[in-house]
Amino acid sequence: MMDVMRKTPTNIRSAAKEASHERIVQAAARAIRRSGYDGTGVADIMKEAGLTHGAFYAHFESREAMLAEAADRAGAEANAVAARVIAAVPPEQSLQAMVQVYLSKEHLASIETGCPVSALGSEMPRQSPQVRRAATRRIKEMIDLVARQSPDWGQPGAHERALVTVATLVGTLTLARAVDDPALSESLCSAAMKNLSPSGA
Numbered sequence: 399m400m401d402v403m404r405k406t407p408t409n410i411r412s413a414a415k416e417a418s419h420e421r422i423v424q425a426a427a428r429a430i431r432r433s434g435y436d437g438t439g440v441a442d443i444m445k446e447a448g449l450t451h452g453a454f455y456a457h458f459e460s461r462e463a464m465l466a467e468a469a470d471r472a473g474a475e476a477n478a479v480a481a482r483v484i485a486a487v488p489p490e491q492s493l494q495a496m497v498q499v500y501l502s503k504e505h506l507a508s509i510e511t512g513c514p515v516s517a518l519g520s521e522m523p524r525q526s527p528q529v530r531r532a533a534t535r536r537i538k539e540m541i542d543l544v545a546r547q548s549p550d551w552g553q554p555g556a557h558e559r560a561l562v563t564v565a566t567l568v569g570t571l572t573l574a575r576a577v578d579d580p581a582l583s584e585s586l587c588s589a590a591m592k593n594l595s596p597s598g599a
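Position in the sequence shown (from 1) plus 398 gives the number in this note's numbering.
It is worth saying that the hints were derived from the structure and are not from the lab. We put the CB at the ideal spot given by N, CA and C, even for glycine. Mixed in with the good hints there might be a few duds.
Label pairs and their calculated CB-CB ranges [unchecked claim]:
1. N409 <-> E462: 51 to 59 Å
2. E446 <-> P488: 39 to 47 Å
3. E416 <-> R524: 28 to 36 Å
4. V562 <-> E521: 17 to 25 Å
5. R411 <-> E521: 32 to 40 Å
6. A576 <-> Q498: 15 to 23 Å
7. R411 <-> K538: 34 to 42 Å
8. V577 <-> P554: 28 to 36 Å
9. R530 <-> V487: 18 to 26 Å
Only pairs whose alpha carbons sit at most 30 Å apart, straight line, appear in this in silico DSSO-like list of lysine-lysine [to be verified]:
10. K592 <-> K538
11. K538 <-> K503
12. K503 <-> K592
13. K415 <-> K445
Produce the entire structure from the sequences given, and follow the hints as far as they go.
Below is the structure:
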């Protein structure tokens with residue numbers, strides 16, 4: 399009993415630190431998608447997480463370490479959304495459902511909580527190896543998730559189609575967000591949905 403009592407304050411401190419760390423990573427994962435890697439500052443993230451700037455180094459060795467964890471979290475969140483969409487429909491409808499959700503008006507408008515690849519892809523070549531490694535792992539996970547929806551999953555053709563599908567989805571969403579013409583934005587998404595559907599119609 400005494401041993402448990404002695405450990406309790408440490409456990410409470412540890413849990414509080416974990417909760418603070420979680421708030422920082424959540425805030426950073428939103429911020430990188432909203433403002434880009436270069437537009438994401440430590441002071442702003444700590445303020446958004448409700449913590450002091452000075453507390454940052456109790457959680458991360460560097461800004462790059464925070465950005466890498468944020469990239470990993472953002473990618474994990476996007477892939478989790480795709481996995482939930484897939485799980486909610488019959489297997490033969492999974493890819494179509496995923497494409498429709500990815501290219502939906504809701505996702506188009508949700509840059510802060512949506513796919514980080516479409517929000518940050520053009521910035522990736524200029525990021526540190528640590529950040530790029532985290533993002534690459536989640537991109538590979540996304541490609542594998544798409545490939546697993548193919549009836550011939552495990553064959554080279556399924557992987558190749560997944561590469562094309564992911565590249566088309568990310569490229570389409572990036573362009574649809576880039577233009578200031580709503581009709582063009584909608585046309586881009588509609589054309590991609592049509593061409594990525596199993597029937598092509």
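Consistency of the hints with the structure:
Checked against the given bound of 51 to 59 Å, the beta carbons of N409 and E462, roughly 30 Å apart, lie outside it. At about 40 Å, the beta-carbon gap between E446 and P488 stays in the expected band of 39 to 47 Å. Distance hint check for E416 and R524: the Cβ-Cβ separation is about 31 Å, which falls inside the suggested range of 28 to 36 Å. A beta carbon spacing of about 23 Å between V562 and E521 agrees with the range 17 to 25 Å that was offered as a hint.
The beta-carbon spacing between R411 and E521, approximately 36 Å, falls within the hinted interval of 32 to 40 Å. Range check, A576 to Q498: about 21 Å between beta-carbon atoms, so the 15 to 23 Å window is met. A beta carbon spacing of about 36 Å between R411 and K538 agrees with the range 34 to 42 Å that was offered as a hint. At roughly 35 Å, the beta-carbon separation of V577 and P554 lies within the given 28 to 36 Å, and the hint holds.
Separation of R530 from V487 is about 33 Å and departs from the stated range, judged on CB atoms against 18 to 26 Å. Distance restraint check for K592 and K538: the Cα-Cα separation of roughly 24 Å lies within the 30 Å cut-off, and the hinted pair is therefore satisfied. Note on K538 and K503: the hinted pairing holds, with a Cα-Cα distance of about 25 Å set against a maximum of 30 Å. About 16 Å separates the Cα atoms of K503 and K592, which keeps this hinted pair within 30 Å; it holds.
For the hint linking K415 to K445, the alpha-carbon distance of about 16 Å falls within 30 Å, and the restraint holds.
Of the hints listed earlier, those the structure fails to meet are numbers 1 and 9, in rising order.
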